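Visitor: This is what each chain is made of:
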Amino acid sequence: MIYLDNAATSWPKPESVYVAMDRFMREVGASPGRSGHRLAVAAGRIVLETRERLAELFGVADPLRIVFTLNVTEALNLVIRGLLHDGDHVITSSMEHNSVMRPLRALEPAVEVSVVPCSTEGVLDPDAVAAAIRPNTKLVILNHASNVVGTLLPVAEVGAIARRRGIVFAVDAAQTAGAYPIDVEAINVDLLGFTGHKSLFGPQGTGGLFIRDGIELEPLKRGGTGSRSEFEVQPDFLPDCYESGTPNTVGLAGLGAGVAFVLKEGVADIRAHELALTRQLIDSLHSIDGVRVYGTGDAQRQVAVVSFTIDGVSPSDVAEWLDEDYEIMCRVGLHCAPRAHRTIGTFPQGTIRLSPGYFTTEADIARCVVAVAAIAARGRAAARFEAAAAGED
Amino acid sequence: MTDRYAAVLFPSVSATLRAEKLLKQAGLAVKVVPVPRQLSSDCGVCLRIEAKMAATVAQALDAAGLKCDGIHPI
Numbered sequence: 000m001i002y003l004d005n006a007a008t009s010w011p012k013p014e015s016v017y018v019a020m021d022r023f024m025r026e027v028g029a030s031p032g033r034s035g036h037r038l039a040v041a042a043g044r045i046v047l048e049t050r051e052r053l054a055e056l057f058g059v060a061d062p063l064r065i066v067f068t069l070n071v072t073e074a075l076n077l078v079i080r081g082l083l084h085d086g087d088h089v090i091t092s093s094m095e096h097n098s099v100m101r102p103l104r105a106l107e108p109a110v111e112v113s114v115v116p117c118s119t120e121g122v123l124d125p126d127a128v129a130a131a132i133r134p135n136t137k138l139v140i141l142n143h144a145s146n147v148v149g150t151l152l153p154v155a156e157v158g159a160i161a162r163r164r165g166i167v168f169a170v171d172a173a174q175t176a177g178a179y180p181i182d183v184e185a186i187n188v189d190l191l192g193f194t195g196h197k198s199l200f201g202p203q204g205t206g207g208l209f210i211r212d213g214i215e216l217e218p219l220k221r222g223g224t225g226s227r228s229e230f231e232v233q234p235d236f237l238p239d240c241y242e243s244g245t246p247n248t249v250g251l252a253g254l255g256a257g258v259a260f261v262l263k264e265g266v267a268d269i270r271a272h273e274l275a276l277t278r279q280l281i282d283s284l285h286s287i288d289g290v291r292v293y294g295t296g297d298a299q300r301q302v303a304v305v306s307f308t309i310d311g312v313s314p315s316d317v318a319e320w321l322d323e324d325y326e327i328m329c330r331v332g333l334h335c336a337p338r339a340h341r342t343i344g345t346f347p348q349g350t351i352r353l354s355p356g357y358f359t360t361e362a363d364i365a366r367c368v369v370a371v372a373a374i375a376a377r378g379r380a381a382a383r384f385e386a387a388a389a390g391e392d
Numbered sequence: 000m001t002d003r004y005a006a007v008l009f010p011s012v013s014a015t016l017r018a019e020k021l022l023k024q025a026g027l028a029v030k031v032v033p034v035p036r037q038l039s040s041d042c043g044v045c046l047r048i049e050a051k052m053a054a055t056v057a058q059a060l061d062a063a064g065l066k067c068d069g070i071h072p073i
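Protein sequence lines correspond, in order, to chains A and B.
Mapped onto numbering that gives the first Met the number 0, the consecutive letters of the first sequence carry residue numbers 0 to 392.
Mapped onto numbering that gives the first Met the number 0, the consecutive letters of the second sequence carry residue numbers 0 to 73.
Since the hints were derived computationally from the structure, they do not count as laboratory data.
In silico contact screen, one side only, chain B against chain A (beta carbon under 10 Å); selected entries:
(1) A14
(2) T15
(3) L16
(4) R17
(5) E19
(6) V32
(7) P33
(8) V44
Derived lysine to any residue pairs resembling SDA-like cross-links, with alpha carbons at most 25 Å apart:
(9) B/K66 to A/E184
(10) A/K137 to A/D87
(11) A/K263 to B/K23
(12) B/K51 to B/C67
(13) A/K263 to A/A185
(14) B/K20 to B/L38
(15) B/K20 to A/S30
(16) B/K66 to A/V232
Pair by pair, the computed Cβ-Cβ distance ranges are:
(17) B/A28 to A/A130: 56 to 66 Å
(18) A/R221 to B/A62: 27 to 37 Å
(19) A/R221 to B/K30: 26 to 36 Å
(20) A/D85 to B/K30: 45 to 55 Å
(21) A/D124 to B/K30: 48 to 58 Å
(22) A/F236 to B/A28: 19 to 29 Å
(23) A/P11 to B/A62: 39 to 49 Å
(24) B/G69 to A/D85: 34 to 44 Å
(25) A/V232 to B/K30: 28 to 38 Å
(26) B/A62 to A/A365: 48 to 58 Å
(27) B/G69 to A/E26: 31 to 41 Å
(28) B/D2 to A/R37: 24 to 34 Å
Computed from a prediction, not measured in an experiment: that's the story for all the values here.
All C-beta atoms, glycine included, are put in the ideal place defined by N, C-alpha and C.
With the sequences and hints as input, model every part of the structure.
Guide: Okay, structure coming up:
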């Protein structure tokens, strides 16, 4: 089996992640922050440890400014619904995932949304963002890298522009956290949404949001927080304000182990490995007759997410043959990012997306390329057959 | 009962555990204990310290940028 769907979720996880989750369930188990007994405190320490490791990874000074959510979609909903009011203007890009587009569209028309077009390679010009700013612009929200073609967006430049203009800047780091360096100070980001189960190697059901001090967001949920319990009002301090109810503690135990793994391996080494695989994949796919690769074609300008199509073969056939005949797993379709596909010119048919990860090898990529070449050849043969059959009529 | 100990209260369990870590790193003796009922109805914990260390702990918290909700003799 060759798993090339890490952009959806990373698999496998480091062994330490499985161990941490099993250990939590067997030896700790308690709900953090809800009782004073030793197991509850132990659970609380695990959650704090995870927060601290994420703070180290992202260059966040106060780990309590990182709040946990179910996934990055929840974090982005918290940003969009928590920050914006009627009459506000938001700027985003034409490469965003539906976790940004759907909440934004739902706020229209009371909230004005500007979608800054990117090139067909998914490249965003920061000056185009600056040009879109209006007096009532409240937020600029961008994905750090596209989940369709992997193209990195110029978050540092846009962050600087937003900071100068006093506009809140939010980044969706779903495809970059753990796989590409992120420093919240260097990119001037106010709100950084991340998922736990992709390049941070945690389980599904984890994610979170860094909220810069001074940014006020209305919480999505209110409830018990184990603090200020004498009041029926949600606490206004972090992380409690945004963490009501029992967290996914076993998940956070796993995420903590995943982030520890990333810190130990080093984001630079992880990036170097994935960059090499991406380069190998792009270059090899380019050399196959009938294969079209999307994005900039330059591995340096993207993360390990590669979309391609094969002339004359439907993407769903490609994905099915890859899975059934070659045990290669990928994702086909619109990848929950219809706007990105419109931008790169693959709407509505979509693309086949291959996303190597840290545990993917060069041999995996080589075999995948052989499979794609075979499928492309099969497609050409089928087309010739059809043409021949049509000629006989 | 002598006031040998004092309880350092924080707004949340997360803040309490963060303070525990930082104060221990600073070499101070603190222990996470259930918060005494007479001090708070929270479902949580506080840091127990020797009462005579109150001023030192307050200073260390300040240096670490951590806010506490008061230090009370117990």
